[in-house]
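Using the hints provided, position chain B relative to the given structure of chain A.
Residue numbers (the working numbering), protein chains in the order written: chain A, 18 to 154; chain B, 5 to 245.
Please note that the accuracy of each hint is not assured.
Said to hold, decoys possible - Residues from chain B that keep clear of chain A, each with C-beta distances beyond 10 Å, as calculated:
1. Ile94
2. Ile148
3. Lys169
4. Thr191
5. Asn198
Said to hold, decoys possible - Part of the chain A face toward chain B, derived, beta carbon under 7 Å:
6. Ala22
7. Val29
8. His117
9. Phe118
10. Val122
11. Phe124
12. Gly144
13. Val145
14. Ile147
15. Ser149
16. Ile150
By construction, these hints were calculated from the structure, which means they are not laboratory data. We put the CB at the ideal spot given by N, CA and C, even for glycine.
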Amino acid sequence: MHEWALAESILVAAVEAAEKEKLKIISEIKISIGELQQIEQDIFEFALEEIIKTQGDKLKNVKTVIETEKSTLKCKNCEHTWDFSDMKKKLNEDESEAIHFIPEVAFVHARCPKCGSPDFEIMTGRGVSITSIKGER
Amino acid sequence: MDARVSVIDKRLKNIKRIISVASGKGGVGKSLVASSLALNLAKKGFKVGLLDLDLYGPSSHIILGVKDVFPKEEKGIIPPNVHGINFMSIVYFTEDKPSPFRGIDISNIIIELLAITQWGLLDFLIIDMPPGMGDETLDVIRFIKKSEFLVVSTPSKVALGAVSKLLKILKELKIPIIGVLENMSMTRSSFIKNEIDSMDLPYLGCISFDNALEESIGKPNKLLESDFMKDLDDLLEGINL
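Here chain A stands alone, though its shape is the one from the complex (with noise of 0.2 Å):
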């Protein structure tokens, strides 16, 4: 389960960027994860929540929102755009499962559907990343 990890830096990330601000305590951390992550949400909901049960009273009664920011695919040679679920239907088990891993190994093992070109960009749809914290001063 590399969701632990990936929960843990949301966490890290929340509490350096709740030290900047001068936040004593996180109210809310809303987290977008790229569809491409594909990531088990609840794993990584138990992830985050016995993570913050090992911290401090910053995170004590954090409420985590999570969304899913859909994928967009784009080549960058024929200009078609498709997201990941048209991809994943081509993809074999292992393939799908190494993506999951490391998002960017699309462009190994996925071509545009259109043109057939590996020269295609991830618009949206990865990574890991905390959209806002609310918190009190």
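Same frame as chain A, now just chain B:
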């Protein structure tokens, strides 16, 4: 904000030394030096990790004969131990297919790998760098603050032209440089040594061209017994490794 970047320091916290084996030029033997350095240190009883960051042309797995292993998932991913080395490479995820990545994708891969890899306690992490000073080098400088650089050149003026540019930028950024290693030496010449001396950087010594080295590729036990390794070992002694 990309949350993954924040956890990188924590992942590398328990690693005593991080050595990036780099060069401005391709084909000078960086991967062989990096893999052999990792093998050499592991044989001396150190806990060693090896990270292949040559994302277009990874080759450490070929040198070490890594086959049929995959990282274990546990609070991240744990690199498999191969011949005493905790080995991480993009090849686990690419199945060794061609990897057409652009710059932003390279950075994202490095961030993801550094954020999710659980190295644990290590004496040394060796990083096999791609040639040049592109995204990978800049990202190592940006994200791995404690990395030192071991720079590889060949005796050629052509190689040194590119190598000296890398050395100048590392110096300008005040990145620790362990020194320059001259690989594939065929005749006795002090050309590279004089050039490195004039840059006021440590010249570590030379490794002679080893005609039989190709037979050791993919066979770590044979590589450990090679003339290449003997030369490397002498040279490492000079820098207390």
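Checklist entry - Of the numbered hints stated previously, which ones are contradicted by the structure, given in increasing order? => result 1, 8, 15, 16
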